[in-house]
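Go ahead and model the full structure; you've got the sequences and the hints to work with.
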Amino acid sequence: MPGERNQDAGERLLPNGAAIIAAENCPALLTPAETRHFAALLRSEAARMRGENIVAARKQSLTEAVLGEVSGLEHAKDQSGTEHLYAHAHEIRGLAGMAGLSTAGRIANDLCHYLDALPADITLPDPMTVELHVRAIGRAARAPREAEDLGTAVAETLNRLAARNLTQTRSAVEPVRDAPPEAAKPDAP
Amino acid sequence: MTKAHFDDLKALVVDDNAHMRELLHALLNVLGIREVVEAADGEAGYVALAQYQPDFILTDLAMQPVDGIEFTRRVRLSPDTPNPFVPIIMVSGHTERNRVEAARDAGVTEMLAKPITTQSLFARIAEIVEHPRAFVRCDSYFGPDRRRRHGDSHSGPWLRFDDSAPDVVTI
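So the protein lines, in turn, are chains A and B. If you count the first sequence from 1, position 75 lands on 75 in my numbering, and the numbers rise without skipping. If you count the second sequence from 1, you need to add 189 to reach my numbering.
To be clear, the hints were calculated from the coordinates, so they are not data collected in a lab. Please note that the accuracy of each hint is not assured.
Stated by the list, open to error - Derived contacts from chain B toward chain A, CB cut-off under 7 Å, selection only:
1. A239
2. Q240
3. G282
4. S309
5. F311
What the hints assert, rightly or not - Quick list of the computed label-pair ranges, beta carbon to beta carbon:
6. A:A57 / B:C327: 44 to 50 Å
7. A:A120 / B:T284: 16 to 22 Å
8. A:D78 / B:Q253: 20 to 26 Å
9. A:V173 / B:R223: 52 to 58 Å
10. B:P254 / A:E146: 20 to 26 Å
Just so you know, even glycine gets a beta-carbon here, dropped at the ideal spot from N, CA and C.
This is the structure:
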């Protein structure tokens with residue numbers, strides 16, 4: 001019967017009837033009593049507070065790490081290709097939130113999405129779009145108080161710029177892709 | 190092996206960013222997990238898995254030379270894997286759908302998006318402890334059951350148009 005366990009074979013058929021086996025014999029990490037004990041700790045306010053204190057105590061070093069990545073990003077924007085640019089923006093989006101630099105993280109995340117969304121055959125992103133994102137990330141990381149006030153408006157403006165640039169890039173690339181091959185074109189009169 | 194005390198759990202943290210490794214290590218210590226091993230990429234992580242036999246793994250996605258997805262595939266599928274069932278929590282800034290799906294298809298147990306919070310990390314650990322996932326094997330996949338909801342109303346043999354009939358394999 002689908003969904004029921006075949007005790008003899010030690011297997012469980014999935015509810016859709018397809019006979020993919022479920023290996024249910026992976027050992028639990030903890031005994032049932034200790035699982036309850038540990039789960040209660042994981043959900044406790046005390047553990048959460050201790051964890052947040054750990055993050056707060058590392059805020060300074062995390063900020064320094066973000067600023068190091070920002071310098072790398074500023075250097076990478078002048079290099080060819082997007083690999084280094086993406087790598088630094090990716091690190092910033094991962095670390096900035098924990099350093100209390102959420103605006104820098106948000107704009108870095110938007111830059112990653114922009115680079116990800118470029119058509120595969122576009123190797124050079126729009127320099128102005130990149131430049132403005134990089135400047136905004138640098139400013140937001142170095143002047144976090146200012147970023148709190150202006151960050152949302154700047155991020156939204158940059159998002160619109162990136163979206164417009166992507167639309168233009170795609171429309172510039174697609175007619176070339178859709179064009180008939182040279183041999184299929186009718187002869188010129 | 191099932192442990193009688195949670196402070197006997199061993200964890201492996203794989204991340205190329207030293208700040209992130211150190212932070213995750215400290216957060217695990219807060220929970221009483223004293224034995225935490227660090228590795229800077231998937232290659233070193235695989236060696237550490239064999240050497241230290243951790244009970245669960247936290248891994249980044251983007252690393253060089255071996256990234257988190259390749260690392261997860263090795264853990265699940267390599268003939269010499271020390272523990273193909275070990276729970277893997279992927280901690281990543283990559284939230285794009287294609288990357289999340291690639292991680293899931295490699296066999297990760299849970300995803301955790303950066304920037305992490307204490308609460309989100311502890312919630313993922315609670316998930317792997319409280320709800321160990323069944324493992325499935327078919328021609329194209331071995332890993333935790335990717336479906337979190339099993340629809341009782343579905344009566345057909347396959348869920349997707351291109352599903353083929355897999356064989357029953359006892360593990």
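Violated hints - listed by number, lowest first | 1, 2, 4 and 10
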